[in-house]
Amino acid sequence: MTTPRLTARRITLNALALAAATLLAPGFAGAQADTLKIGLILPMTGPFASTGRQIEAAARLWMAQNGAKVAGKTVELIVKDDAGVADTTRRLAQELVVNDKVVALAGFGLTPLALAAAPVATQGKTPLVVMAAATSSITEASPYIIRTSFTLPQAAIGIAEWAAKNKIKKAVTMVTDYGPGIDAEKFFVDRFLLNGGTVPEKLRTPLRSPDFAPVLQKVRDAQPDAVFVFLPSGQGAAFMKQFAERGLDRAGIKLIGTGDVVDDDILADMGDVALGVVTSHHYSAAHKSPANQKYVAAFQAANPKMRPNFMSVGGYDGMRVIYKALETTKGAGGEALLAAMKGQIFESPRGQVLIDAQTRDIVQDIYIRRVEKVNGALYNVEFDAMKGVKDPGKNR
Amino acid sequence: MLTLLFDGIAYGMLLFVLALGLAVTMGLMNFINLAHGAFAMAGGYVLVLLMQRGGWPFLAALPVCFVVPALLGAALERTLYRPMYRKPHLDQVLFSIGLTFMAVAAVDYAMGSSQQNLQLPDWLRQRWEFGSGPWMLGVGAYRLFIVVVCVALALGLQALLTRTRFGSRLRAAVDDPVVAAGLGIPVNRVFLLTFAVGSGLAGLGGALGADILGLDPSFPLKFMVYFLIVCAVGGTQSITGPLLAALLLGIADVFGKYYLPKLGGFIVYTLMIVILLWRPQGLFTREAR
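Chains as they are written, first to last, in our numbering: chain A, 1 to 396; chain B, 1001 to 1289.
Honestly, I wouldn't trust all of these hints.
[Claimed, not checked] Straight-line alpha carbon distances no greater than 25 Å define the calculated BS3-like cross-link-like pairs of lysine-lysine that follow:
| no. | chain 1 | residue 1 | chain 2 | residue 2 |
| --- | --- | --- | --- | --- |
| 1 | A | Lys394 | A | Lys186 |
| 2 | A | Lys305 | A | Lys373 |
| 3 | A | Lys394 | A | Lys202 |
| 4 | B | Lys1262 | A | Lys186 |
| 5 | B | Lys1262 | A | Lys218 |
| 6 | A | Lys37 | A | Lys125 |
| 7 | A | Lys305 | A | Lys288 |
| 8 | B | Lys1262 | A | Lys170 |
| 9 | A | Lys288 | A | Lys390 |
| 10 | A | Lys202 | B | Lys1262 |
| 11 | A | Lys165 | A | Lys202 |
| 12 | A | Lys202 | A | Lys254 |
[Claimed, not checked] Derived coverage of chain A by chain B (criterion: at least 3 residues anywhere in the stretch with Cβ under 8 Å from a Cβ of chain B; other residues may be distant):
| no. | segment |
| --- | --- |
| 13 | 212 to 220 |
| 14 | 241 to 250 |
[Unchecked claim] To spell it out: a stretch of chain B is covered by chain A in this simulated footprint if at least three of its residues, at any positions, have a beta carbon under 8 Å from a beta carbon of chain A; those stretches are:
| no. | segment |
| --- | --- |
| 15 | 1106 to 1117 |
| 16 | 1137 to 1145 |
It is worth saying that the hints were derived from the structure and are not from the lab. Note that the Cβ used here is the ideal one computed from N, Cα and C, for glycine as well.
Pulled out of the complex, with its shape left as it was, chain A reads as follows (with noise of 0.2 Å):
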């Protein structure tokens, strides 16, 4: 007698549970419940086209290696292309949130970019990982932003630190006119004061403009012992021939920058002219640890011809931290999914890393670099670090 009643009342509490699933979980309701869906906005065309490529190859990289399951559901990861227009950013932001109910949205390949999708994830209550622009306030655009990438006045004390020990009494900067240039240029100089240099000009270029003739012959007018430069990933190329045309070097002034001016992306097409030039930066593919080596090889393999620059490593450890976060909240979204990407610690390519729980910026190792010949190409060999570097645009 008492076995049918059990089962009814089983049958009726399974149905209330799975109507409580239902309302408490509307996102999922309508769309299909056993995929995860990661919307990675990218500039795949345009002048900034190397960063998109970079990052989604290096995210659909870490789905190879380490499966399209989490939770036991299938991450669907949808790329879109902003061509750097921010305008667009938004637009795509706004779809994927509202039409594909993405759990985290990824990418951001500028600055101006990042900032346009922060409403969008506030509003929401979607993460959004930033995987490379680096102006240090935009973690401060929506409590929803974690970033894997690095800030620049993370990466331009380092090379301000080195350049005062090193001889180096007099530079000007030169700075690409938008907001991580401006963060590079304060924070490269307030360090370099620090430390008893000289800056007699502070130069700024425009971002769509790669004619930098007038502003090299200003560097060299000013005859300083340095010239400190920070150039949107990709432009590197183009200024280092304009730098060598207009014979900086051979007026013994020095090239030293944050590690975008030398990005592996396009060193080894720079020639010898790049010899010698030291930067600070979080990433190099010449990184000697044993993840690196797999990673760069792995990269290598199922892109043939390119090499994993700074933009990538970015991208790889963003689906790292949205990977981890999903597997800890069994793919719910929203603030669980938040809470769990804070305070990550783990290993990656460029060394130990941490999500610091309170700015939602990444903690990492700086590293000063030289360009050197390493087997006949051209790469970033680290010779220096500085451990542990916290933004240091967020104390102030």
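Model the placement of chain B on the given structure of chain A, informed by the hints.
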């Protein structure tokens, strides 16, 4: 100072060759061809393809950069442009800007959207320096090469227009196509040739400029404004007008970026507005028609 002046002249010369074809079609044929930059881009990509994939030497590849856009221009003139000559200017503008967008998308698809990196031969990468202090003159071999080529082109074209039979036929065909045709001048062929040469010159300019201006699929849109400024300021009735206008713009741009970097590219536009307020018909036009 002198270095800047020299850089400005080289930049201006480049603008001149790039814009000359536009001045010719606009002034002589009364046709507004906003797709002009697309022919320049074609020249640039021909150079990149020949040098990077074909392994051609720089000097051998340059003439091809003239010929290919010229043929392309001729083919398009015969098929697409000719029916547009009689249409109102708005139709011409819409038609040619549409063509530009198609060219941008096509090149993006075929060649990728990243900036092309050109390796010039070593003899063009030298640099000579004279004097010292503020009067030091630094001359980059490549920029000198550009100046020499462009001066030669300007002189050659001036001679072609004023001294040859073709030149007088062209001027006649422009002044009054009906009477010119009645006198037995093959107006259509004259226009076809002129358009082809204009496109070829743009291609050559694009090839020469690939290293200095940068070359990516957005090239025609990025520099369209500059071409139009050259034509607006210089007037389109002679060769000297655009030449002087281009030099003025080039020098102003370089000096502006050096002395007033905050204003950046703004200088050029200010200059244009001032000049056009002062002389709306253009600096070097005799009078408005």
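State whether the coverage of the segment 212 to 220 of chain A by chain B holds or is violated, taking the criterion as 3 or more residues with Cβ-Cβ distances under 8 Å.
holds (count 5)
Regarding the pair Lys1262 (chain B) and Lys218 (chain A), is the alpha-carbon distance no greater than 25 Å?
14 Å, holds
Between the segment 241 to 250 of chain A and chain B, are there enough contacts, at least three residues with CB-CB distance under 8 Å, for the coverage claim to hold?
It holds, with 5 qualifying residues against the three required.
How about the segment 1106 to 1117 of chain B: do at least three of its residues have a C-beta closer than 8 Å to a C-beta of chain A?
holds (count 6)
With a cut-off of 25 Å on the C-alpha distance, tell me whether Lys165 (chain A) and Lys202 (chain A) pass.
21 Å, holds
Is the listed coverage of the segment 1137 to 1145 of chain B by chain A valid when you require three or more residues with a beta carbon under 8 Å from a beta carbon of that chain?
holds (count 3)
Checking one constraint from the list: CA of Lys305 (chain A) to CA of Lys288 (chain A), max 25 Å. Satisfied?
With a Cα-Cα distance of about 21 Å, the restraint between Lys305 (chain A) and Lys288 (chain A) holds, given a limit of 25 Å.
CA of Lys1262 (chain B) to CA of Lys186 (chain A), is that 25 Å or under?
17 Å, holds
Next pair to validate is Lys288 (chain A) with Lys390 (chain A); report whether the Cα-Cα distance is within 25 Å.
It holds: about 22 Å lies between the C-alpha atoms, which stays within 25 Å.
Take a quick look at whether Lys202 (chain A) and Lys1262 (chain B) sit within 25 Å of each other, Cα to Cα.
11 Å, holds
Does the alpha-carbon distance linking Lys394 (chain A) and Lys202 (chain A) stay inside the 25 Å limit?
23 Å, holds
Please verify whether Lys37 (chain A) and Lys125 (chain A) have alpha carbons no more than 25 Å apart.
15 Å, holds
The structure meets every hint from the earlier list without exception.
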